[in-house]
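Q: Top line first, the protein sequences correspond to chains X and F. Using my numbering, you'd call the opening residue of the first sequence number 66 and step up by one each time. Using my numbering, you'd call the opening residue of the second sequence number 123 and step up by one each time.
Just to be clear, a hint being listed does not mean it is correct.
[Said to hold, decoys possible] Partial list, computed: chain X residues near chain F (C-beta under 7 Å):
{"no.": "1", "residue": "Arg-131"}
{"no.": "2", "residue": "Leu-132"}
{"no.": "3", "residue": "Leu-179"}
{"no.": "4", "residue": "Leu-184"}
{"no.": "5", "residue": "Gln-187"}
{"no.": "6", "residue": "Arg-188"}
{"no.": "7", "residue": "Ser-191"}
{"no.": "8", "residue": "Gln-216"}
{"no.": "9", "residue": "Arg-217"}
{"no.": "10", "residue": "Tyr-218"}
{"no.": "11", "residue": "Gly-220"}
Don't read these hints as lab results, they were simulated from the structure. No experiment lies behind these values; they were computed from the predicted model shown. Glycine included, each C-beta is placed from N, C-alpha and C at the ideal position.
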Amino acid sequence: MMPANTELMMRILVCGAQKPFMTGGAEMHMQNLVTAFHEAGHEAELVRIPVAWERSRLFDAALAWRLVPLDADLVVATNFPSYFASHPRKVVWLFHQHRGAYDGGDSAWSDFGLDDASLEAQRLLSEWDGHALKEARALFTTSRCVAERLQRYNGMTAKPLYHPPPLHDRLHEGPFGDYVFAPMRLERNKRPELLVEGLANTSSDVKLVLTGPGSLFTELRATATRRGVAGRLAITGYLDDDALIERFARALAVAYAPHEEDYGYVTLQAFLAGKPVITARDSGGVLEWVEDGVTGLVTDGTPSGVGAAIEHLHHDPQLARRMGEEGRRRVAGLSWPAVVAELIAAGRGRMRA
Amino acid sequence: MPASVRPILGLVVAPEPPPALIGLLVEMHPWCDVLAAEPGRAAAAWLASSVRAPGIEVAARSGVPWALWVDDADGLQRAQQLGATLTVTSVATIAQSSGAILVPAERDAAADRIRAIPPFVRERLRRRSLLPSHLVADVGAGAVPADLIPAALAVCSACVVTGGLLSEALAWGAPTVTDAPSAASVGAGHDREVLVGAAAERSGLAEALGGDPVLAARLSHAGRRLAETKSLKRVAAQVAERLDLVRAGDPGARLEATLRLLSLPASSLQPDVGALLASMGTPAALPEDRR
Chain X
66 MMPANTELMM RILVCGAQKP FMTGGAEMHM QNLVTAFHEA GHEAELVRIP
116 VAWERSRLFD AALAWRLVPL DADLVVATNF PSYFASHPRK VVWLFHQHRG
166 AYDGGDSAWS DFGLDDASLE AQRLLSEWDG HALKEARALF TTSRCVAERL
216 QRYNGMTAKP LYHPPPLHDR LHEGPFGDYV FAPMRLERNK RPELLVEGLA
266 NTSSDVKLVL TGPGSLFTEL RATATRRGVA GRLAITGYLD DDALIERFAR
316 ALAVAYAPHE EDYGYVTLQA FLAGKPVITA RDSGGVLEWV EDGVTGLVTD
366 GTPSGVGAAI EHLHHDPQLA RRMGEEGRRR VAGLSWPAVV AELIAAGRGR
416 MRA
Chain F
123 MPASVRPILG LVVAPEPPPA LIGLLVEMHP WCDVLAAEPG RAAAAWLASS
173 VRAPGIEVAA RSGVPWALWV DDADGLQRAQ QLGATLTVTS VATIAQSSGA
223 ILVPAERDAA ADRIRAIPPF VRERLRRRSL LPSHLVADVG AGAVPADLIP
273 AALAVCSACV VTGGLLSEAL AWGAPTVTDA PSAASVGAGH DREVLVGAAA
323 ERSGLAEALG GDPVLAARLS HAGRRLAETK SLKRVAAQVA ERLDLVRAGD
373 PGARLEATLR LLSLPASSLQ PDVGALLASM GTPAALPEDR R
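Only chain X is shown next, with the shape it has when bound in the complex:
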């Protein structure tokens, strides 16, 4: 669809970091944004530059972005360090910053310590982020969770701009089956082991279906065997879109309890399929959608808590249905045209003070 006035058509570059050989929510998000610009009648392309997350190479890609010539009417930068791109009409829609340097600074997966080099890198990154983000005509985030991190660590204000997840136009409701569905990358930050341990804390015949690629497949299978629930756990590996949609549609509920998730497509996809979501109170952006007892169950993040939530819904499928319906109602308003309109308006607006 073209804009009514072709003079309003913009040439837009969507900028995002590339972690080679890795595909996840951020990559889908960028590509879907480009598609949304196309559908609104704009010319849009995705520009990506490889990024390294380790501390010793923290600023390499940031500097590269700084020097990349971006000849376009509008630049929409997304995740670290693409927002270091320099352009007079830069709008930032922040997926996340360098989490290992900020909120994940004390995590086992972060390589930032309390040594001089770490502290200086964090100090400098904070300064650079402050400059690069302040240049933007407008500063949006994917979620309130990301906006709150920006407030807490950088003292900057941003507006959450929500968008629909992949497959939003295809996901549909279905019968409430006997399994809890858990699509995710099988990696530590997604905490699939918590769900397997949660299953081990149930005594009924409810099943858990884990879907997605990842390095923990063997370990999860071993845990299930050790805990005596291998017969109630299915790990399917990669599913194509059709199979994924059907798994959503026939689930009893969806379990998704990552640590401090930025946004969490799985939650929105579950709601679009009319399913409640079991999560944890430290799951970040997921909690912007899952209201305990209303659209899902928010657990304390322990295996016993997750197990109790699974049992609860297993024994009360009507409750699961009511929660799923409420979830579906809450995501009904998400649309790409609304996102595009907001980003374009911001790009055409005045510079930030």
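Chain X is already provided as a structure; the job is to place chain F on it using the hints.
A: Then chain F, alone, in the frame of chain X:
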């Protein structure tokens, strides 16, 4: 290797240039060569010192970015009429109302020298140094010896500072409580860059501020940005960026200029933080590994 070609900033100057202009021109040196306008001289950008500067039309018609120094409302209006790329001023009220870049009349050594430490890094610094997690420094009360004031401002959760030290506290990125006259003297506002309170309430405000990471981060960020406006180096960088002088340089110079725009320091916190911590009697740096 061919000599580096530096961009030229053409200067159109009135007989009596504003005093602050000289300081700015000195700090423009890393970015460009400043040359007086002459017939036939090409420049990457122009700077006119006044709407009354003879030859201002040359700048306005040059087709390259140009800046106009305005110190009154008439000048501002004229700048709009002439289509100036940006305006610079030494009058704070004009800067606030128009978006003109404010050029400080005097060099603030603290603003040029100090590298800010945001609250979340302060918290980690305190942890690494075995200092209390909540550390409020009442600098104005004389409780902190003079030689430890920089260290206190660098690592505290929040501080109470009045008078001439306020600029330094803001430059360090310290979440700060002060009095009304001090805030006014640096152009800071209550709940914007600082918290302002009467003498009896400042200590309590600082205690609360130190325990509120969101408010501390917001004030620290705003305070650092305010401190930057006192740094002639930063102001010159801002003018250079707005006049597109970085792009006007040759490819080799552009890389260096890009780093400078991001304020890449020549050195890390060391030895600064090491010296600071040593002066506080805290343990030496931990080995460079995880805790």
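Q: Could you run down the list of hints and mark each one as holding or not?
A: Hints, verified against the model:
Checking Arg-131 of chain X against chain F: minimum C-beta separation of about 5 Å stays under 7 Å; hint holds. Taking 7 Å as the C-beta cut-off, the interface hint given for Leu-132 of chain X holds, the closest approach to chain F being about 6 Å. Proximity of Leu-179 of chain X to chain F holds as hinted, the smallest CB-CB distance being about 4 Å (cut-off 7 Å). Annotation: interface hint on Leu-184 of chain X holds; nearest CB of chain F at approximately 6 Å, less than 7 Å.
Proximity of Gln-187 of chain X to chain F holds as hinted, the smallest CB-CB distance being about 5 Å (cut-off 7 Å). The interface hint given for Arg-188 of chain X holds, since its Cβ lies 5 Å from the closest Cβ of chain F, which is under the 7 Å cut-off. Taking 7 Å as the C-beta cut-off, the interface hint given for Ser-191 of chain X holds, the closest approach to chain F being about 5 Å. With 7 Å as the threshold, the beta carbon of Gln-216 of chain X comes within range of chain F, its nearest partner Cβ sitting at about 5 Å, so the hint holds.
The beta carbon of Arg-217 of chain X is positioned within 7 Å of a beta carbon in chain F (closest approach about 5 Å), and the interface hint is therefore held. Using the Cβ-Cβ criterion of 7 Å, the hint placing Tyr-218 of chain X at the interface with chain F is satisfied: the shortest such distance is roughly 5 Å. With its C-beta approaching chain F no nearer than about 3 Å, Gly-220 of chain X sits inside the 7 Å limit, and its interface hint holds.
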